[in-house]
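This is what each chain is made of:
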Amino acid sequence: MARTTTSVPPLPWSTRFDKFQRRIAPYLFISPFFILFAVFGLFPIVFSMYLSFQAWNPIQGLGTMRYVGLENYVWLMDDPWFWRSITNTLWIAFAAGIPQHLMAIPLAFALSRGISSFRHPLTAAYFLPYITSAVAIALVFQTIFGTQFGALNQALIYLANAPWSAWLFGGLAENLPVNWLGRAPYIKPAISILVWWQFFGFNVVLYAAGLATIPKDYYEAAQIDGASGRQSFFHITLPLLRPMIFFAVTLTIIGNLQLFDQPFILTGGTGGTSQAGMTVAMYLYRTGFEWLEMGTAAAISWLLFLLIGTLTVIHFYFFGRSGLESRD
Amino acid sequence: MRLRASPFGRGGDDARSGRNLFGTVILYVVLIALALLTLFPFYWMFVLATHSQSTIFSAPPPMWFGEFLERNYNALLARLPFLRNIWNSFYIALMATVATMFFASLAGFAFAMYQFRFKRVLFGVLIASLMIPPLLGIIPYYLIIQYLGWLNTPRALWVPAMASAFGIFLMRQYVASSMPRELLDAGRIDGASEFRIYWSIALPIIRPGLATLGMLTFIGQWNNFLGPLVVLNQRESYTIPVALRTLQGQVQTDWGAVLTGTALAVLPLLIIFVFASKQVIEGLVAGSVKG
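Protein chains in written order, with the numbering used here: chain A, 93 to 420; chain B, 8 to 298.
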């Protein structure tokens with residue numbers, strides 16, 4: 093008896109290929125990132141963890157790597173330069189960071205609610221330093237901070253002698269001209285001024301974006317109820333801007349703690365008089381690439397990561413939750 | 008965080024009734040003065056680039072352009088292979104930009120358009136990778152480059168930068184918000200392969216976003232300092248920032264030459280910014296204010 097096969101004929105090759113390419117396409121499309129991330133992102137982190145438990149000078153080859161346990165970390169805990177770099181970094185992070193935000197919020201408010209023309213050119217002007225090479229900017233600021241002929245000192249001397257502004261200086265006028273980059277007490281303020289100048293515009297833009305999400309009706313309603321501009325700022329703008337403040341401050345914490353280019357250039361790569369301008373990132377660079385202590389440098393990078401993580405968590409704990417609640 | 012990522016969205020109007028003219032004028036004066044303060048260092052950089060060592064260091068400092076630009080430029084070329092350094096910066100930034108535009112839009116397209124297994128996990132890894140401070144891997148990065156024999160080559164810098172998580176994230180947002188899923192199905196019905204759909208349908212749609220990503224990548228690579236400082240140690244292979252840094256270390260720093268080099272380093276960015284500041288700013292904000 094003849095058995096007839098009633099099964100469907102096999103799919104033509106082209107259809108099978110089509111199904112196949114459709115299934116693997118997304119994986120193929122995202123694979124370049126994951127391959128590069130594995131090699132240049134994930135592996136370095138794991139390896140730097142491993143390296144932080146080793147003593148190793150790269151000149152002598154991979155074979156000379158020696159397991160030393162926690163020695164690198166223990167050594168750093170007793171290292172005065174490491175602690176100085178930590179306090180320097182925190183000092184600069186706060187001195188440059190806090191004024192940035194205190195200034196950026198009202199400025200963004202003024203830009204988006206106070207004026208109607210030139211909004212974009214003004215924002216662009218404030219923003220420009222953010223996209224400029226930090227090295228180029230630091231070099232220009234090195235001339236601005238010059239002791240005898242720098243623009244900043246000349247401006248300060250002018251203001252200290254002008255009859256209408258002399259009172260502002262009080263007894264400070266005799267300290268002029270300031271040796272900004274040569275004397276230890278002035279190096280951190282100089283770096284902070286530069287960092288503040290370079291990044292406040294970025295925060296203005298962030299806050300302007302946050303302000304744009306606040307419905308205009310709120311202000312109109314407040315105005316009808318007789319609220320002043322000041323009252324709407326404190327009772328409408330600030331509370332609703334809170335998630336953005338939280339976010340922008342987080343970015344500042346993460347960025348400022350990794351500060352490298354600006355202090356490196358302003359102090360000529362040395363950290364300045366008695367390392368007053370040496371940040372953790374600079375200390376990490378010098379330990380690894382000048383003194384060739386790769387294991388210790390890797391340990392510094394993990395301690396810095398720990399510091400960034402701790403401060404971010406503290407920030408989140410104190411300011412994050414309420415920010416999250418008001419978002420929902 | 009759900010935020011409309013435009014700093015130029017809606018705003019107030021000072022023509023509102025009840026706002027006094029005096030207050031508005033004061034506000035403009037303050038805002039413009041601050042803008043001038045922000046722009047002053049740029050102006051001064053160009054001024055000093057045209058002055059000699061002795062006029063740079065004089066009181067009061069020069070505030071208008073001088074005649075030493077050519078001398079400074081020649082002094083710069085005498086100390087450094089500066090045209091070569093400019094070329095290196097340009098080449099690295101260009102390669103990274105072209106590669107990022109391609110790979111990031113491809114991956115962003117995949118994350119926005121497809122449902123596939125492990126998608127959430129993989130996207131989570133991508134976002135988590137944005138949180139890693141770049142300094143954490145700097146020592147192993149140097150060792151990898153050394154192991155590959157890439158020290159002092161442009162590859163050392165543009166290959167690792169080829170597919171940035173930031174770029175993929177940005178492109179995913181653009182694709183998700185501008186390309187309807189029906190187009191994907193329409194392409195399939197017409198018999199196009201998935202890559203063909205990306206190339207012929209998605210790419211033209213996201214072109215504005217792609218241009219923004221391109222500019223941001225170029226700017227980031229052009230300004231990069233720590234990476235080149237670590238893996239480039241020959242004058243011929245330096246990028247501009249590293250080259251400028253070596254001038255600074257010399258006993259008698261020739262500031263005219265340094266500032267001429269600095270001005271040349273900043274000029275391309277100024278040009279991009281003059282023509283596309285809105286796009287650059289909005290792109291950076293959209294990238295920072297995630298999701």
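The hints are simulated quantities; they were obtained by calculation from the structure and are not laboratory data. Hints should not be assumed to be uniformly reliable.
Said to hold, decoys possible - With a cut-off of at most 25 Å between alpha-carbon atoms, the simulated SDA-like pairs for lysine to any residue come out as follows: (1) Lys111/A x Trp206/B; (2) Lys111/A x Asn27/B; (3) Lys308/A x Arg188/B; (4) Lys285/B x Pro124/A; (5) Lys126/B x Asp110/A; (6) Lys285/B x Ala304/A; (7) Lys111/A x Phe132/A; (8) Lys285/B x Glu382/A; (9) Lys126/B x Pro307/A; (10) Lys308/A x Arg127/B; (11) Lys111/A x Arg188/B; (12) Lys285/B x Ile316/A; (13) Lys111/A x Tyr121/B; (14) Lys111/A x Gly30/B; (15) Lys111/A x Ala199/B.
Said to hold, decoys possible - Here are some, though not all, of the chain B residues that point toward chain A, as calculated from beta-carbon distances under 8 Å: (16) Ala40; (17) Leu46; (18) Pro48; (19) Pro67; (20) Leu129; (21) Gly131; (22) Trp165; (23) Asn230; (24) Trp262; (25) Ile288.
Glycine included, every Cβ here is placed at the ideal spot set by N, Cα and C.
Consistency of the hints with the structure:
For the hint linking Lys111/A to Trp206/B, the alpha-carbon distance of about 19 Å falls within 25 Å, and the restraint holds. Note on Lys111/A and Asn27/B: the hinted pairing is violated, with a Cα-Cα distance of about 68 Å set against a maximum of 25 Å. Our distance criterion of 25 Å between C-alpha atoms is broken by Lys308/A and Arg188/B, whose separation comes to about 33 Å. Annotation: proposed proximity of Lys285/B to Pro124/A is violated, straight-line Cα distance about 30 Å (limit 25 Å).
Distance hint between Lys126/B and Asp110/A is fulfilled; the C-alpha atoms sit about 21 Å from each other, no more than 25 Å. At most 25 Å may separate the alpha-carbon atoms for a hinted pair to count; Lys285/B and Ala304/A meet this at roughly 15 Å. Restraint check for Lys111/A and Phe132/A: not satisfied, since their Cα atoms lie roughly 33 Å apart, outside the 25 Å limit. Our distance criterion of 25 Å between C-alpha atoms is broken by Lys285/B and Glu382/A, whose separation comes to about 41 Å.
Our distance criterion of 25 Å between C-alpha atoms is broken by Lys126/B and Pro307/A, whose separation comes to about 35 Å. With a C-alpha separation of about 36 Å, the suggested pairing of Lys308/A with Arg127/B is violated against the 25 Å cut-off. Note on Lys111/A and Arg188/B: the hinted pairing holds, with a Cα-Cα distance of about 18 Å set against a maximum of 25 Å. A C-alpha spacing of about 34 Å is found between Lys285/B and Ile316/A, which places the hinted pair above 25 Å, so the restraint is violated.
Distance hint between Lys111/A and Tyr121/B is fulfilled; the C-alpha atoms sit about 14 Å from each other, no more than 25 Å. For the given pair, Lys111/A sits about 67 Å from Gly30/B by alpha-carbon distance, which is inconsistent with the 25 Å threshold. Between Lys111/A and Ala199/B the CA atoms are separated by roughly 12 Å; this keeps the pair inside 25 Å, and the hint holds. Among the interface hints, the one on Ala40/B is violated; its C-beta lies about 11 Å from the nearest C-beta in chain A, farther than the 8 Å criterion.
Interface hint status for Leu46/B: upheld, as the beta-carbon distance to the closest one in chain A is roughly 6 Å, under 8 Å. A least Cβ separation of about 5 Å between Pro48/B and chain A falls short of the 8 Å threshold, and the interface hint therefore holds. Checking Pro67/B against chain A by beta carbon gives a least distance of about 6 Å; that is within 8 Å, so the hint holds. Taking 8 Å as the C-beta contact cut-off toward chain A, the hint placing Leu129/B at the interface holds, the least distance being around 7 Å.
For Gly131/B, the suggested interface contact is broken, since its CB lies about 12 Å from the closest CB of chain A, more than 8 Å. For Trp165/B, the suggested interface contact is broken, since its CB lies about 11 Å from the closest CB of chain A, more than 8 Å. Annotation: Asn230/B was flagged as interfacial toward chain A, and the flag holds, the nearest CB pair being 4 Å apart, inside 8 Å. Against a cut-off of 8 Å between C-beta atoms, the interface hint on Trp262/B holds, since the closest Cβ of chain A lies about 6 Å away.
Among the interface hints, the one on Ile288/B holds; its C-beta lies about 6 Å from the nearest C-beta in chain A, closer than the 8 Å criterion.
Violation of the numbered hints given earlier is confined to hints 2, 3, 4, 7, 8, 9, 10, 12, 14, 16, 21, 22; the remaining hints are satisfied by the structure.
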